[in-house]
Amino acid sequence: MTQKHIPAWDIPTRLFHWLLVALIASAYLTYEFGDVTMTYHMWNGYAILTLCLYRLLWGLIGSNTARFSQFIKGPGAIIGYLKSARTATPQKFLGHNPAGALMVLVLLALIIGQGSMGLFTTDEILVEGPLVFLASSDWVDLAGSLHRIGFWVIMGFVALHVVAAFFYLFVKKENLIRPMVTGNKEAESVPAGETLQPRSPLLALICLAISAGVVWFAVNIGAYL
Amino acid sequence: MKKLLLAACVTVATGMGISYSYEAVAAENNPAIVHRQSTYQVVAGHMGSLKSILFLGGSGDAAYHAGAIKSAFEHMGNAYPAGSDKGETKAKAEIWEDMDGFKQKGKEAYGATLKLVEATAGDDKGAQIEAFKALGGACKACHKNYRAK
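Protein sequence lines correspond, in order, to chains P and Z. Number 49 in this note's numbering belongs to position 51 of the first sequence; there are no gaps in the numbering. Number 92 in this note's numbering belongs to position 15 of the second sequence; there are no gaps in the numbering.
Bear in mind the hints are in silico, worked out from the structure with no lab data behind them. For each residue, glycine too, the CB sits at the ideal point set by N, CA and C. Mixed in with the good hints, there may be bad ones.
From the structure, some residues in chain Z lie toward chain P, with a derived Cβ separation under 7 Å [what the hints assert, rightly or not]:
1) Lys128
2) Ile206
3) Lys210
4) Gly213
5) Gly214
6) Lys217
7) Cys219
Beyond 10 Å from chain P on every Cβ pair, some chain Z residues (computed) [unchecked claim]:
8) Ala121
9) Gly144
10) Glu185
11) Gly199
Produce the entire structure from the sequences given, and follow the hints as far as they go.
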């Protein structure tokens, strides 16, 4: 029996992706238009850190297409894939292709870095990140600069990520966006015999709870020092 | 080879440390810069105390801190004379290029301070918080254009 649609992305990974999109948008909005106390911007940041830490855990013990060990490839594989992508018979992948995997890593690292720097950022008026008290004023200056510049760096990679998705859609006629919503890929764009091996969403919830706990502890570390 | 590498690292790190601390030693001595930065620090200190009283449940006299901010602003004097753009300062060149716009921001901050003084004379904590946030917003509006990050 041949299936037309092959499950590729589990629900936790899809939710992660779109929640992160929404939270990055609201991080900007709460900064630009929010209250001068930045309360919502800071909560927004804790949420993003929680979500990204969860993704790291899910990358270790999650479903097959979410696991780093399944999709992270070396430079040779990335170049090999990009070369094949220009031919009529590109290499197929159930989950991330090697170039997309690199984008996943870069964005995750940048966003975790951005959130972490935010913990050390102050407006030097009335808002202080929860960890400002730990660092010298030189380091706080540096963290603040990185936090401000980081936004533009992340926007650059997000733009590249979106342009790549539309390039696949309109030029290569492969819709990568819909599977990130529905979870299913077209059978012809997936290697024969491969399919999603989902892990329990309950496990994902446990990962999320652990991540939230870690972020909560980091934010409140002053109470334990 | 490893030892050589280690020695090189230590040398570079020490060099960075020395030059870094040297920079700190060569502190600013332009009187205008020293005076305005010190007075802004006084303002920042009282803002911190108000933050404690209004948001963190700290005890203290909000009216005293509001009055002290007003007093500090009134004693700024000629804080940005020509030539005080050079040195250990985050004051941007825009201040001297657009002195009228800059002074307008200063007036707005002072106006917000007067409202804070007024609010802290009463018992309405909500009004005090709003006035405090408005002053914070006025500080921010000026920093945005005239203070380097």
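Numbers of unmet hints, in rising order: 2, 7, 8
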